[in-house]
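Asks: Whenever a hint applies, use it, and build me the whole structure from the sequences.
Protein sequences, first through last, are from chains H and B.
Numbering-wise, my numbering puts 130 at position 130 of the first sequence, and it's gapless, one number per residue.
So the mapping is simple: my numbering equals the position in the second sequence, first residue as 1, plus 215.
The set of hints was computed from the structure by calculation and includes no laboratory data.
Mixed in with the good hints, there may be bad ones.
[Said to hold, decoys possible] Here are the simulated lysine-lysine pairs, DSSO-like style, with alpha carbons at most 30 Å apart: (1) B:K285 to H:K141; (2) B:K251 to H:K131; (3) B:K264 to H:K131; (4) H:K82 to H:K191; (5) B:K285 to H:K131; (6) B:K251 to H:K82; (7) B:K264 to H:K82; (8) H:K148 to H:K131; (9) H:K141 to H:K131; (10) H:K191 to B:K251; (11) B:K264 to B:K251; (12) B:K303 to B:K285; (13) B:K314 to H:K133; (14) B:K314 to B:K285.
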Amino acid sequence: MPNHDHGHVDTEGSGDYTPGYYEILERSLAELLVEKGRIDANDIRREIEVLDSRNPALGARLVARAWCDAEFKKRLLANGRKACEELGITSYEDTELIVLENTESVHNLVVCTLCSCYPRAVIGLPPDWYKLKPYRARAVKEPRTLLKEFGTFIPDDMAIHVSDATAQVRYLVLPQRPIGTEDFTEEELAKLVTRDSMIGVVRLDPVQVHPGEVP
Amino acid sequence: MSAQNRDAADWLPNDLGGVATAPFERVEHPMLPWEKRCHALADVLDFRKIISTEEKRRGVEALGETTINKLSYYERWAVCFANLLFAKGVITPEELALKMAQIEARFNRSGE
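Replies: Next up, the structure:
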């Protein structure tokens, strides 16, 4: 029987890499599925390329476009999946994307209490803290306190809406456009949009200096 | 049941909304190569209609709290896939044991 050691951490392919038990399990399942013709030999490699192509820059483009184009914003809020297609961003099979707009009176926060569902088609894979117990348990119970731990202070007169994702329904937060960005181009705006602002754990700070100016 | 009175024992082990937990820490680690492959495998199992995302979620719940707490995120997935592939008759435990021994031997040889 294979042992339960996790194997020492090393760069794969360096010659003395020893995979741990669960990595051997993962490799074995993939090889058996290929041998049985249930998956194609290239499926995993292709899927890794898809995973690598998804990152917060895609979501940032959506947000910046919505800030600059009121009609696009309407379409984005009405049907996230279709609006993504306008920018050439495809969705994963069977997943809806609901975009939640932050306003002067409402701040949105996204969580998955059941597991780790996340708008990965538009911002990539979730950080560890999103998948761990404390965030998942507390986001729905004490979001205001939890957000303070991110350094995010939501005024008492601003409501916090917490949306709990599922395998079929993913949420993305449309943050408020930062103050001081009135003359920014769409491209410059996109650079300001962070992953965490699209999960709703942070708000975007006001901008003091235009990117074209030397501070 | 109100969230305030929520007792973890009344709920599925991985259904966590409102449960009292350890303090929040903003941890992140870059994905290991095998973790990324495991994630890719999950997506492939879904689009090849072998294991859906929802089946995977339930499969992780079915591991029970002790196992869930002992394993890392992708370790749970790997074990859950094995269980579901056995249950669906896609692979047998004997085939898996044999394949794991082969792969382990392959690494041991190349490491010498």
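Asks: Against this structure, judge whether each hint is valid.
Replies: Structure-based check of each hint:
1. B:K285 to H:K141: holds, 25 Å
2. B:K251 to H:K131: holds, 15 Å
3. B:K264 to H:K131: holds, 25 Å
4. H:K82 to H:K191: Holds, at roughly 23 Å.
5. B:K285 to H:K131: holds, 15 Å
6. B:K251 to H:K82: Since the Cα atoms of K251 of chain B and K82 of chain H sit roughly 28 Å apart, the hinted pair holds (cutoff 30 Å).
7. B:K264 to H:K82: Status holds; Cα separation ~24 Å.
8. H:K148 to H:K131: The given pair, whose Cα atoms are some 19 Å apart, holds under the 30 Å limit.
9. H:K141 to H:K131: Roughly 16 Å separates the two Cα atoms, so the pair holds.
10. H:K191 to B:K251: The given pair, whose Cα atoms are some 26 Å apart, holds under the 30 Å limit.
11. B:K264 to B:K251: holds, 20 Å
12. B:K303 to B:K285: The hint holds at about 25 Å.
13. B:K314 to H:K133: violated, 34 Å
14. B:K314 to B:K285: Between K314 of chain B and K285 of chain B the Cα gap is close to 24 Å, so the pair holds against 30 Å.
Hint violations for this structure: number 13 only, all remaining hints satisfied.
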